[in-house]
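Colleague: Using the sequences provided together with the hints, build the complete structure.
Heads up: the sequence shown begins at 119 in my numbering, then just goes up one per residue.
Honestly, the hints are just simulated from the structure, not real lab data.
Treat the hints with caution; some may be incorrect.
Said to hold, decoys possible - Quick list of simulated restraints, FRET-style, between CB atoms:
1. S152 / R234: 16 to 24 angstroms
2. W287 / G248: 28 to 36 angstroms
3. K185 / G275: 35 to 43 angstroms
4. K185 / T242: 35 to 43 angstroms
5. N207 / G275: 36 to 44 angstroms
6. E205 / S262: 33 to 41 angstroms
7. G246 / A274: 36 to 44 angstroms
8. Q131 / W287: 17 to 25 angstroms
Just so we're clear, the structure is a prediction, and the values are computed from it rather than from any experiment.
Note that CB positions come from ideal geometry on N, CA and C, so glycine has one too.
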Amino acid sequence: MIQMHVWQRNARQYEPKELEGKDCWAGLDLSTTSDVKALVLAFPIDKEIRLLPFFFVPRENMPARQKKNPLANYPEWAARGHLIATEGNVIDYANIRKFINDLAERYNIRKIAVDRRNATQLTTQLDGDGLNLEPFVQGYKSMSAPTKELLKRITAGQLIHPDIPFLNWMAGN
Numbered sequence: 119m120i121q122m123h124v125w126q127r128n129a130r131q132y133e134p135k136e137l138e139g140k141d142c143w144a145g146l147d148l149s150t151t152s153d154v155k156a157l158v159l160a161f162p163i164d165k166e167i168r169l170l171p172f173f174f175v176p177r178e179n180m181p182a183r184q185k186k187n188p189l190a191n192y193p194e195w196a197a198r199g200h201l202i203a204t205e206g207n208v209i210d211y212a213n214i215r216k217f218i219n220d221l222a223e224r225y226n227i228r229k230i231a232v233d234r235r236n237a238t239q240l241t242t243q244l245d246g247d248g249l250n251l252e253p254f255v256q257g258y259k260s261m262s263a264p265t266k267e268l269l270k271r272i273t274a275g276q277l278i279h280p281d282i283p284f285l286n287w288m289a290g291n
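Modeller: Structure follows, in C-alpha cells:
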C-alpha cells in the first residue's frame, strides 16, 4: 500500500517540455472501452524516475463515475487537463494510437509494456508503427516484484510525479 504522505513528498512540478528527446519507458493499460485508460511514461534521470501520466475517460461516462464515487471529480479534472475526456461513451483506440505516436515524436520511447487484455488490435497497430511493445499480463506472479520495486522507489524518494490530482487519487486506491 502506498503511504500518501510519502507519495506527496515525491511531488514536483516540471514541464513535459523538459523531458523532450529523453529516453523513457511506458506502461499502457487499456481496460475496457468504457473504463479509464492509462499511459504513463517513466524517464530515468540521474537517480530518479520522473513520471509523465496520461489518462483517457469517455466524457459521457463521467457523470455516472462521479455519482458512483463523489471523491473522484472527473469533470473538474478533465477541465483542468488532468484527464483526457474523449467524445462519446467509449474510447476510440485510434485516438490513443495517434496520441502515442505523437508522443513518440517528442520523447524517445524505448519500450511500452502493455497489458494484453483488450489490447490485441492496438498493439498490432503500434508495432506496425515501429514502436517496441512488450506484453505484460497482470497477476500476482507478474506484479509482485515490480510492485515491491515501485514501493521501494517511492519510499526512497526516487519516483517523482507531477502532483496530478487524478494520479494522486489513483495512487491512494
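Colleague: Checking against the hints above, which ones are violated?
Modeller: Violated: none.
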